[in-house]
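K.L.:
Chain residues, written in single-letter form:
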Amino acid sequence: MKFTPQDFKSDQEVKWCPGCGDHAVLAAIQRALPEISEELGYSRERYVFVSGIGCSSRFPYYMKTYGFHGIHGRAAAIATGMKVANPTLSVWEMTGDGDSLAIGGNHLIHAIRRNIDINIVLFNNRIYGLTKGQYSPTSQWGSVTRTSPYGTVEHPFNPGALSMGARGTFFARTLDMELQLTRELMIEAARHDGTSLVEVLQNCVIFNDKTHSIISNREVRADRTIVLRHGEPMIYGKDKDKGLILDGIKLKAVTIGKDGITKDDILVHNAEEQDHGVHMMLCEMQWPEFPVALGVIRRVKDRTYDDMVRDQLTEVANKSQIRCMNDMLRSGDTWVVE
Amino acid sequence: MKFTPQDFKSDQEVKWCPGCGDHAVLAAIQRALPEISEELGYSRERYVFVSGIGCSSRFPYYMKTYGFHGIHGRAAAIATGMKVANPTLSVWEMTGDGDSLAIGGNHLIHAIRRNIDINIVLFNNRIYGLTKGQYSPTSQWGSVTRTSPYGTVEHPFNPGALSMGARGTFFARTLDMELQLTRELMIEAARHDGTSLVEVLQNCVIFNDKTHSIISNREVRADRTIVLRHGEPMIYGKDKDKGLILDGIKLKAVTIGKDGITKDDILVHNAEEQDHGVHMMLCEMQWPEFPVALGVIRRVKDRTYDDMVRDQLTEVANKSQIRCMNDMLRSGDTWVVE
Amino acid sequence: MPHKVIDVQDVVIRFTGDSGDGMQLTGSLFADTAAFFGNDITTFPDFPAEIRAPQGTLSGVSGYQVHIGSSAVYTPGDYCDVLVAMNPAALKSNVKWLKPNATIIVDIDTFDEKGLKKAGFKTDDAFKELKITHHNIIAPPITSLTAESAAIVGLDPKSGVRCKNMFALGICYFLYNMSMDHTINFIQKKFVKDQALINMNLKVLKDGYNYAGTVEAIADTYIVKPSKQEPGIYRNINGNIAVAWGLMAASEKSGRPLFCGSYPITPATAILEELALHKDLGVKTLQCEDEIAGICTSIGASYAGSLAVTTTSGPGLSLKSEALGLAVIAELPLVLVNVQRGGPSTGIPTKTEQTDLNQALYGRNGECPVAIIAPHSPSHCFQAAFYAAKHALEHMVPVILLSEGFLGNGSEPWKIPDMKDFPTINPPLAEKLDDNEPYFYPFRRDPETLVRRWALPGTPNLEHRVGGLEKNHQGAVSSDPHVHEQMVHERAEKIARIAHVIPPQEVIGEQEGDILMVSWGGTYGHMLSAESQLRADKIKVGLAHFDYINPLPLNTEEIFKRFKKIIVFELNSGHFVNYLRAKFPQFTYMQYNKIQGQPFIVAEIVEAINKIVT
Amino acid sequence: MPHKVIDVQDVVIRFTGDSGDGMQLTGSLFADTAAFFGNDITTFPDFPAEIRAPQGTLSGVSGYQVHIGSSAVYTPGDYCDVLVAMNPAALKSNVKWLKPNATIIVDIDTFDEKGLKKAGFKTDDAFKELKITHHNIIAPPITSLTAESAAIVGLDPKSGVRCKNMFALGICYFLYNMSMDHTINFIQKKFVKDQALINMNLKVLKDGYNYAGTVEAIADTYIVKPSKQEPGIYRNINGNIAVAWGLMAASEKSGRPLFCGSYPITPATAILEELALHKDLGVKTLQCEDEIAGICTSIGASYAGSLAVTTTSGPGLSLKSEALGLAVIAELPLVLVNVQRGGPSTGIPTKTEQTDLNQALYGRNGECPVAIIAPHSPSHCFQAAFYAAKHALEHMVPVILLSEGFLGNGSEPWKIPDMKDFPTINPPLAEKLDDNEPYFYPFRRDPETLVRRWALPGTPNLEHRVGGLEKNHQGAVSSDPHVHEQMVHERAEKIARIAHVIPPQEVIGEQEGDILMVSWGGTYGHMLSAESQLRADKIKVGLAHFDYINPLPLNTEEIFKRFKKIIVFELNSGHFVNYLRAKFPQFTYMQYNKIQGQPFIVAEIVEAINKIVT
Ligand SMILES: Cc1ncc(C[n+]2csc(CCOP(=O)(O)OP(=O)(O)O)c2C)c(N)n1
Ligand SMILES: Cc1ncc(C[n+]2csc(CCOP(=O)(O)OP(=O)(O)O)c2C)c(N)n1
Ligand code: SF4
Ligand code: SF4
Ligand SMILES: [Mg+2]
Ligand SMILES: [Mg+2]
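Residue numbers (the numbering used here), protein chains in the order written: chain X, 1 to 338; chain S, 339 to 676; chain E, 677 to 1290; chain G, 1291 to 1904.
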C-alpha cells in the first residue's frame, strides 16, 4: 500500500498557536512517512509516536498512528521500553528542549548511549512553551524570561555536543522552516539503525519569537548556516564561496579565493568518522565565528541495543534445554516426597 | 591554623572492604586538604562533603568536616543548593559511577553546564558495589555481572566525554593507587573556579576486581597511561619514548625515534583550550590504540553559576529602592480605605 | 431616556473569549477598578491548557470571572449576571454559567458563518440553538467598530482589532456606573512607548462606554456600593503571589535568606516567577533541571542555612516524594508548596482540585510524617506561607503548604499588613559545642518540643554528618531496633507537638448542635457562603474549616463532640474525612465529594445540608 | 560413651559470623539438608548494609537463622537453640537471640585479645561479660584446626582458613544426626575446577563432624523427624525468586512476553537478577538508569503488548509514583513489585518492615487508585505474583505486589506446582475495529468489568493515542467536568470489581466470637504460630490474614461483624488499620504495631492477645 501525507493525519484539531514552528515539522514528518514506508516497507500500524509534555509533545495526537503522550521528560524511557518489547515497531520520540534536556536529560543520554533504535525529534525553541515562557536548558546566556527577569546566568546545552558526549551514533540539525531539509533528515533518521537525534531549531512565536532568526532569517540563512552532506566539501554561503578548513587541530571558516584559499583546502564532511572529536566541533559551531551546521553531522554504524537484546535471547534459548515453566521449575536442586 | 591529615579524620570506623580502592582516595583527600586549606585560606568548618548512595558515597562519614550523605543520585543537586546558598563553602561531592552516571546523570550534566563551583570526585569502579555487583553505566561491553549473566550489550559512558558534551570546564582523571597524583588533582580541582570533575579509576576487590588492571598494573602502567600536564609535551612510557601526535584531524600514538618521529612532533598539552574537540579526543583515548589519559585534561576559566547569582543579586539590589518587606508590600498598585 | 440606576448587593461578571482576546487582562482590569472603588471582590480565571488553540474553537476559550459586592464576597460566584462572550465558541461553552436573567454581551461580528462553524453550531442562530431566550442581549459589531477606530487613530486594522476587548470593558463600566480612571491609567503606563496604541485603547474603551449609553438593550444601569472595609492600604493579590510574599516575610522575620529550588509547572509556576523578581530582597531562585533537583537543591540550601522552599503541583509532588523523605529523616527545615490541580497523572492541569491530600499525608516510603498547612483564600496564602516557614524553621521539619489552583490564580483585595505585627521566627541555631560533648550531636533534642538543633556549615567545631540512613542522637548510623523505634516515634511526635503553638480551631455559626460542616483549604469561601445562606434559611449549622491538617488543632476532638452529625466537604474522593476517621475513629462522619476539576457551587452545599435536615 | 539421641519437634539454629565468613552459604546448606531430609523449614538471613565492614567488628556481623521442624514451621523462630558465632562480635550481637538453654558454638581462636577488642569487649572473658552461664558451649579452636588441615591438603593457609565455616557446619550435622551428602555434593559441584578446594572443604566439614563426636560438651544428640508432607517434587525457594517465577508463569499462561524494566535496590535486586537469567524463556530485562526509567520502560513495553513488570523497594516506589499515575490513567497493565525495607528515606535498607503500605495505597497525585496484593510467605510469592499479573492483564490496571525483605530473602520448601493447574490468563486484546466506530475507541469499557481493551501497536486499523491527560471514552483529550468525574469513578470502580474474581477471605481458628486478629503480608507465619499457641493455651481467637489489600475480599465486612473485638497487627504505625477505618468505619479496631526493622516475635503477639483477654 502506498501512503499519502493525508493518511498520517488524525482527526484531532491541531492546537498549536498560529505561526508556531511545530506546524512545519508536523507537515514535514507527514510528508516523510509515505516515503519511509515505501523504502523500508513499513505499514502504518508499525509507527508509534511517543512524547513527553510540552507544546511539541502534543504531536502524537495529530498523527493517525499509534501514539503515547507520556509524562514530562520520560518519552525516551517509554520509547525504549516499546522498542525493546517489540523491535519491529518504528518508534518516534517527539520532545521539546525542556522535556528532553531539562527533566528528561538522563533518559536522553542513556538512550543514546545504548544506541536503541528510535528516532528522536527535539523541538528546540529555547523556551518552555506550554508553561508560558520560562527559560530552558538551551536558552542563551542572559535570556530574559518569566523566571529570569534579570537574564539567565547559565550556559545552554548544545544538544549535538551532548549527544557526542553520550557517544551518539546519529545527529542531525534542521530549521523548522526548512521543510524540505526536515523531511530529508527524517528519512535519514528512519534509515539509521540506532538512536537518531534530530534537532529542529524551532520558533515559538508567543514566548521566544525570533530566537533563531539571527541565523535563520531568509536573507542571511545561506551565509550563516551550512548544510553538511557526507562526502561533500563543507561549502556554504549565498554564493557558495565560503567554507571550513582545518587550522591546526581546530576548524576555521574561510572565504574561497581569499588569503589564498582554494576549493581544495576545504574539508570534506565525513559523517561516518568514528571519532567524536570533529563532529563535536561541528556541533559547537556558532555564528558569528562559524556558520551553524545543519544536515547530518554524524551517522556511524554500530550495534543497536534492541537487536543485541533479541540476539542474546535467541542465543541463550538455543543453548538451553528449558522450553517451558514446568521444565524450569523442575531444574536444579529438587527432592521428592513420596 | 595549620592542619594535618589527622584533622580531617572523623571518629567513625571506615567500613569499606579491605583492599577497596576507596581507602586510597580517602587518604589522598585527607592529605590534600591541609594543603588546600593553607593555599586558599580555608578553615575546616568551610568544607562540606556531600554524597549520594553507594560504597563510595559513605565517604562523608569518614571526614571530620560538615557532611551530607544524601540519596541515590542526587548529590550534585544537594551540593548545588549548598553552594548557591552559601558560596563561601568549599563543597565536595563524592559519588560513584552508578550514583552519578546512572540515576544521577542529569544532575551531573546540569551542574557541569551551570559551572557551579563544586568539586566532584567520581569513583569509577564500573560496578554497583553497595548492591553487590550489578553492571553500571561504565561497565565495559560484555561485562558479566549479577544482572547481566550473559554479558551486557550496551556501550559504557566515558565520564570525560560526557563532561565535554555538557560543556565542562574542568576534567581530570587518576588511578586509585596513584595516591600522589590523586592528591595533586584534588588540589587542582579545589583551585579551579567552576565544576571540577575528577574521575578516579577505582578497584572494587569484591565485585569487579582488576577491572582497570589492564592499564593500571604496576608493570604496564607507564606504557598504557599518560599523565597530561598543561604546557608539557604529551610524552609517556617507561622510557619516555612514546608520545601523541596530530594525524590530520585526529590523534595518534607514536614512538619517538621511530618512523622519523622526533620530540618536536609531539603535541603539547593545552588544558586551557576553549574548544572541546581535542579534549574530547583525549578523554576518549583507550588502550590498546592509545594510552589512557590521566592528569588534568581540561581546565578553562569561565564564569561560575554561584558567582553570577551573587553578582546579580547585588546588582539588582543596588538599583532598587526596596529595602524590606514593608517597602515591597506597599509598592505598585495599592489603594487606601479611610 | 436616562437609565434608572439600581442598587445591587453583588454582581458576577464572566469575561470569555479566545485565548488571544485578552480576557484575563480585561477581567483583572475590571476587578481592580471595583476593588479601588471599594467593592469586595473575588476572581477566578478559568483557562485552557493550550496556549493559543485555533482561533474561534471551543478549546481556545479562556475565561475570567469576577464577583464584586457591597459587602464581603467569598466566592467568584456560582453563576453570572453578565456574560461577555467575544465569539460564538465562548458563548457556547459558557452558557451553562448564566443566571436565569443574565445580560449577555457579544461581538456580533464574530457570529458569521465561519465563526459559528468553528464553534460547532449547526444553524445560523446560535442563540436559538443554545436556547437562550430570556436574556438581555447586547450585540454590537465590535470587530468592525474597532477596525473603524483603528483607521481613525491611524493604526493598521490588525493591531487595532486586538483592542476589541476594551469595547466590552467599556460597556461593563457603563452598566455598573464604574469609573474608567484606573483602566485609563493602566493603558497609559503600559503602552508608554507607543502613543498610537494608547490612543487606540482609550478610544475603543470609550466607544464601548458610549455605545452602552445609547443602546436600547440597556434599560437600567446598576451600582454596587462600596463595602465597609477596615481602614488601611489595600491591594489585590492572588494566592500564588501571596505565597511568595509570605515566604519572603518569613525570611525577613527569621533572618534566614530565602532560597527556592524549583521547576515550572502549572498552576504553581507563578510563585517561582514572583520570587525570581525579588533579588533586591536577597531571594535566590534556582530553576532546576527537574522537580527532584528542585527539592534536593533546597535540601542542600537548608543544610547550608537558608529558609529553603520548593514549589510544585501534583506530578511534581509525586516526583519529590523520595527526597522529601530525606528532609524528614535529616530533620531539616523545608517548605514544599504544592498548588493542586486536576489529577491523576497530567490530568487536567489548568483545573482545580483537592486530590493531593493523600499524597501529602502518606506519599513517602517508610514512616515519614510531614506537617501540612492549607491556605483557605488567595490572601490567606500570605499568612499560611509565613507560618509554614515559621513552623519549618522552628521545628526543623519539612512543611507542605497545600494550596490549590483555585487559590493560586484567584484574587481578592488584601489589607496590606505591617511586618511589625508578625512574630519573629527563631530557628534553633547551634552556635557552639555543648559542654561535655566530644563533638556536635546533631539529633540531641529539646526535651519539650523534641526539636534538634541546626548547626550551619561554616560554624567552627560543629562539624557533623546527616543523611538518609537511620541515626542515633549522636548522629552515628544505626540499625539498632530500639534506636529506630525511638527515632520513628520522635519524628512523629515532634510534628504532633506543633499543635501546641497553633491557634485553636474556630467554629463559624452554631457552636454546637445537630450539624457540623467540616472542610479545608480553598473551599472556604463556598463553605462560608453556604453557611450564611443556611443561616438565612434558618438552618443551623456549624462550620469548622481547617487550615492546619497535620497536626490538627488540639481542640478538634472537643469540637466534634459537640455535634450530632459531622459532614465533610471536599473536592476529592474523601481524603480528609478518611484522615479524620483514622485520627478520631470514635465519631461517625458523612461526606460530600466532588471531583470535576471545578470549585464547589454554593447551592450544592446548601442542598446537601438540606437533604440531611429533611 | 555413645550419645543419647533425643527426638525433638523443632529446632532453631542461628549461624553468625563476619560478612566474609560465608554464613549465608552455611545456613542455606544446613537448611537445604534439612529440607531434603523431609523437615519443614523457614529461614531468615539478617545481614548488614556494609559489604565487608572491617573484620571482627560488630558492624560486620552477618547472620542466617534456620528453623527446622518435624511438623509445619511458619517462622524462622523467635529465639535459637543453637548459636554458631564465628567470632566475638557475632557472639556479642546475637546473644539476645539465645533461648535459655541454648548451645553455643564458637571458634575459640578468635577470642584472642585482638578479636575481643574489635568487638568492644572490655575483659578477656567474653562469656562472663555477656552473662552467659547456663549455656552449653562448644569451643573448638577452629581457625588453627583448619589451618592445619590446609597444610595437609596442600593449600595455603589463607585460602584454607576460608573454609572454617564448614567446621561449624559439620558440628551441627553431628548434633542433629543429619546426613552430609547434600553438602558434599554441593562442594564437589561448586569447586569442580579446583580439586584442592574440594578436598579442603570436605576435610574441614568432616573434621567438624568428628570433633563433635568426641567432645565432652555434647552429651546428647537430637533428631528432628521428617514432617508429613504431601507427595510431590519439592525445592527450597525464597520470596524474590518466587516472585520472578510467578511472573514468568503468568507470561506463559497469558502468552504475553515478560518485560522487566528495573533498577537495582536492596532487597529487591534479586528479582531482577533472577529474571535476567531466564532469557531462554524469552524474558527481557532492562536495567535502567533509574527507577523512573524502570517503570517508564515498562509502561512503554506494556503499551507494546508485554506483561510489563518493574521491581523496587521503598525509595524506588517513591520515585515511581508519578509514572505509576500515568499507568493508572492510561489504563495499562503493569506489575510493580515493591519489596519493603526499613524507612523512611534510605532508612535501614537491609531490615524488614511493612511501612510502604500507605505509599502503595495513596502515594500519587490526584485520584489514583491501584490494586494491591501482598504475599504472605516466601513460596506464596509465586502465587501472589502470578495473580498480580493476571489481574493486571485482565483488568488493564497497574497492580502493586507488596512484598517484604523478610519474605524476599527468607526461604522455605515448596512443592513444585504443575503449570496445568494454573488458569489461563486472558487479556482483553482488541483484534479489529468495532463495527460502527470510525476509529478505535481506547476507553470504551466492558459494561460488567469496566475494563477497556488493549490494542497493540502493529495491529492494523486500531491506531489510537493514550496519555496522561484526562480523556473521554473515544480517547480524545477532555477537561469536561462530567467526563472527568465519570472517568475518576470508573477507574476506581474497575479496581473495586476485581473483588468479584478473588477468593473470599478465610478465617483461621475461631469463625466467630470475641477476638479477631487481623494481619497482612509477611507476618503470616508469626500470626499463624501465635494462633496455634493461643489455641493450645485455650484462648479462642480467629485470624483473618489478608493477601488482597485493594480491593478487599467481598466478605470482609461480614467477617468483621462476627467478632466483638478486632485487633490489627502490623510492622508499621497502623497503615492497614487506618485503611480499614476508612473502608469500614462502622467497626472499632484495636491495633498492635512494631517498627523496629524486625519481624514480630510470636510471643509478643500472644502476649498482646492475653492482655486483651484478661
Ligand atoms: C513532572 C512535570 N513537571 C513539570 C511540568 C510542567 N511542564 C509541562 S511542559 C514543560 C516544559 C515544556 O518545554 P519544552 O519541553 O521545551 O516544550 P515546548 O512547550 O517548548 O514545546 C513543563 C515545565 C509537567 N507537566 N510535569
Ligand atoms: C533510589 C535508590 N535506588 C537504588 C538504590 C540502591 N543503590 C544503592 S547504591 C547503588 C549503586 C551504587 O553504585 P555506585 O554509585 O557505582 O557506587 P559504589 O557502591 O560502586 O561505590 C544502588 C543501585 C538506592 N539506595 N536508592
Ligand atoms: S506557545 Fe510557542 S511553542 Fe507553544 S504552540 Fe504556541 S508558538 Fe508553539
Ligand atoms: S564492595 Fe567493592 S566498592 Fe564496595 S567497599 Fe567493597 S571493594 Fe569497595
Ligand atoms: Mg521548548
Ligand atoms: Mg560503582
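Worth double-checking, as some hints may not be accurate.
[Claimed, not checked] In silico BS3-like cross-links for lysine-lysine, where the CA-CA straight-line distance does not exceed 27 Å:
hint, chain 1, residue 1, chain 2, residue 2
1, E, Lys-1287, E, Lys-1237
2, G, Lys-1421, G, Lys-1448
3, G, Lys-1722, X, Lys-2
4, G, Lys-1408, S, Lys-402
5, E, Lys-834, E, Lys-775
6, E, Lys-1241, G, Lys-1412
7, X, Lys-132, E, Lys-794
8, X, Lys-252, X, Lys-240
9, E, Lys-775, E, Lys-1237
10, E, Lys-1287, G, Lys-1480
11, G, Lys-1480, G, Lys-1705
12, E, Lys-866, X, Lys-132
Hints in this document: simulated from the structure, not taken from any laboratory.
K.L.:
Which hints from the list above does the structure break, by number from lowest to highest?
P.N.:
2, 5, 6, 9 and 10
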